Amino acid sequence: MRARPETSAAAAQQAAFAQALLHLDAPTPAGLTTYSEAEAARRFAVYRNNVRVSLVAALGARYPVVRRLVGAEFFDAAALLFIAQHPPTGPVLANYGAGFDAFLASFEPAADLPYLPDMAKLEWLRHRAFHAADADPIGIDRLAMLPPERLDTVRLALHPAVQFIVSPWPVLSIWTTNTEDDEVRPLGPEAGSESVLVTRPALQVLTQRLPAGADRLLAALADNAPLGAAVAAAVEAEPAFDIAGCLALLFSAGAIVGLTEGSRS
Amino acid sequence: MTIRTTPIALAAAVAAASLLSVAASAQTPDASKEKCYGVSMAGHNDCASAGNNSCSGQSKVDYDAKAWKLVAKGTCTAMEVMAKDGMKHKGMLAPM
Amino acid sequence: MTTDRRALSLSRPPMRAGVGLKPEHYRPILDDHPDIGWFEVHAENYMGAGGPPHYFLERIRADYALSVHGVGLSIGSAAGLTSGHLDRLKTVVDRYQPFVVSEHLAWSTHGNAFYNDLLPLPYTRATLDLVARHVDVTQEALGRRLLLENPSTYLRFDGEEMGETDFLAELARRTGCGLLLDVNNVFVSAANHGFDARAYLDAFPLARVQEIHLAGHETQHGDANMPTLLIDTHDRPVADPVWDLYRHVLARLGACPTLIEWDSALPTWPVLAAEAARAENLLRASEGADHARAA
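If you read the protein sequences in the order shown, they are chains E, S and B. At position 215 of the first sequence (counting the first as 1) the number is 215 in full-length UniProt numbering, and the numbers step up by one without a gap. At position 53 of the second sequence (counting the first as 1) the number is 53 in full-length UniProt numbering, and the numbers step up by one without a gap. At position 25 of the third sequence (counting the first as 1) the number is 25 in full-length UniProt numbering, and the numbers step up by one without a gap.
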């Protein structure tokens, strides 16, 4: 873009202003009306406060379970650090907060909570599902009507909101108790790795635990593989894969929105 | 080496899944079109300024991961895992 | 539903009070269908692909007039407008057919970062050229007139060449844009910069005003060395002196669509509706005065 001279002076001024908004040790930008130094700082702090507080609040609203797990003070401070490193890249705040899971994964002070990044990921997927495109789920009767020999090649279309996470931690159990209970419930002896399906068949975002191998099936369906090949991928990963249970879960969760028949080139 | 599922096995699974789905949808009435009315749009845009009550952004401490002094004090410290041996493990979850 | 919408979009702006639409109020609005003039939404909150935001706004729009108020275009960005965002704004405007589209005299994007606040601009001829170009581009892209809102500010700059009212008047003259007069912003900025709010309003190009905003603000007390600052928080009722200024504006302008902005510490629906009713009573009274003047 061709810079006009007056524009580049304004750009420099906005650059200095922007830099000081996110970094507390940056000096108050030059070019302000002559106030006392303290007053200039106080006035500038209103803008800095607006930016930081509103973005911390946005992250807190997006990651309520992470916030509850670590407490407000720890979360808000971590969020400020994230914001300084990763300010929003666009004006739609609903898109802000991607990458908080990766930030937490390399965030030394949270190293004692190794499941925290997966929790952030789960909350991000729920948020994405909330805003995903709409589609009408189909019932499993559509599949059951097909002649058996055509099931192998049929392709199932996933709802745009469908996402999943495979975690070595009991992320869904932790999420559930932190969302539904005033005091967290103890996790049972079976608490271990959990894979979670996120869907939004209508208005409500749903999360449910996926059986072992289901993530392979979903990944294959997302790649537009035919049902037979998708089931085979799941069975290969998990010999005891429960085909019927998994299909029932996907359809009743509103994860499937269409089926197409025939081999396509 | 690919594992194949026979058409018969797949058809049987679909038939079983149909029955399971009917049972499941009887339990979870249609994921409620209107139920989540009071939905809050987490982290939305607006054009207001932050007031005195929310001055964390004015904190004089610029948080720095290296100089970090805060300790997580949320529910993670209360999280309890009952292990198979019946022992309760409080606090941090360890890989199991 | 389609015919309703067309009727609403072709009708003249509602000479009534409206309120900012909040998800927390979707339920009382759809359940009770309150008699409120119109709603305003922040464009950026309806830029997702689908889900509850669009579901509820579609339903509410079917029954009420709507104003789309952008908070992220950054029309004062020295580095230029982001065309992607203009496209998104157009998508929202085309879909919901608001009776008016507005944005702020401010900037919020620099480089690749969005600062989520309405940041101040120096009122110079260079800034005027810049903003006028961006208003032209925006009006062209949207295929309709844009209203620009006077900001609340906490800082002013060295070397400013004109006042805010002259800046806005010239901007409107050059681009044909309309203006959104935020009376609370006038009160806040007047206190923060020590000018007289009534004198500001008397100098304001009122003929260009097509919408008015009212909101609550917070007082941040100073000390011996520092003046009190007013903060534009939108988290409480409109202050009495702001109501007085609103009456002052109505007496000169006549009736004008007026919005109660309440963005945080949200009240229950009845409290918000009562605030709108207060504005509407004043507005109706001024409409009566209009007719009297015309007759």
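Source of the hints: derived by calculation from the structure; they are not laboratory data. As the structure is a prediction and not an experimental result, all values here were calculated from the model. There's no promise every hint is true.
Chain E regions said to be covered by chain B (calculated; three or more residues, Cβ under 8 Å) [stated by the list, open to error]:
(1) 14-21
(2) 87-93
(3) 130-141
(4) 185-197
(5) 208-221
Taking CB as the label site, the calculated pair distances span [to be verified]:
(6) B/N281 to E/A105: 39 to 47 Å
(7) S/I8 to E/T260: 20 to 28 Å
(8) E/A219 to B/E140: 24 to 32 Å
Incomplete in silico selection of chain S near chain B, CB under 10 Å [said to hold, decoys possible]:
(9) N45
(10) D46
(11) A48
(12) S49
(13) A50
(14) G51
(15) W68
(16) T75
Backbone N, C-alpha and C define an ideal beta-carbon position, used for all residues, glycine too.
*Establish whether the coverage given for the region 14-21 of chain E by chain B is satisfied; the threshold is a Cβ-Cβ distance below 8 Å, and no fewer than three residues must meet it.*
Coverage by chain B holds here, the residue count being 5 at a Cβ distance below 8 Å.
*asked:* Interface hint check: S/G51, Cβ to nearest Cβ on chain B, cutoff 10 Å. Holds or violated?
replied: Hint holds; S/G51 Cβ to chain B Cβ min 4 Å, cut 10 Å.
_Just to be careful: measuring from the Cβ of S/T75 to every Cβ in chain B, is the smallest value less than 10 Å?_
violated (26 Å)
*Hold the hint about S/A48 up to the distance rule: shortest CB distance to chain B must be less than 10 Å.*
Nearest chain B Cβ about 4 Å off; hint holds.
*Has the region 130-141 of chain E got at least three residues whose CB is nearer than 8 Å to a CB belonging to chain B?*
Answer holds; 5 residues pass the 8 Å Cβ test.
*chain B covers the region 208-221 of chain E, three or more CB atoms within 8 Å, holds or violated*: As far as the region 208-221 of chain E goes, the hint is violated, because 0 residues have Cβ atoms under 8 Å from chain B.
*asked:* Can you tell me whether the CB distance of B/N281 to E/A105 sits inside 39 to 47 Å?
replied: violated (57 Å)
*Holds or violated: is there a CB of chain B closer than 10 Å to the CB of S/W68?*
violated (24 Å)
*Okay, S/I8 versus E/T260 on CB: inside 20 to 28 Å?*
The hint (20 to 28 Å, Cβ to Cβ) holds, given that S/I8 and E/T260 are roughly 23 Å apart.
*For the region 185-197 of chain E, do three or more residues have a beta carbon lying closer than 8 Å to a beta carbon of chain B?*
Result for this restraint: violated, n = 0.
_Tell me if the interface restraint on S/N45 is satisfied: Cβ within less than 10 Å of some Cβ in chain B._
holds (4 Å)
*Minimum beta-carbon distance criterion (10 Å), S/A50 to chain B*: S/A50 check passes; min Cβ-Cβ to chain B is 7 Å, inside 10 Å.
Violated hints, in rising order: 4, 5, 6, 8, 15 and 16; the structure is consistent with all others.
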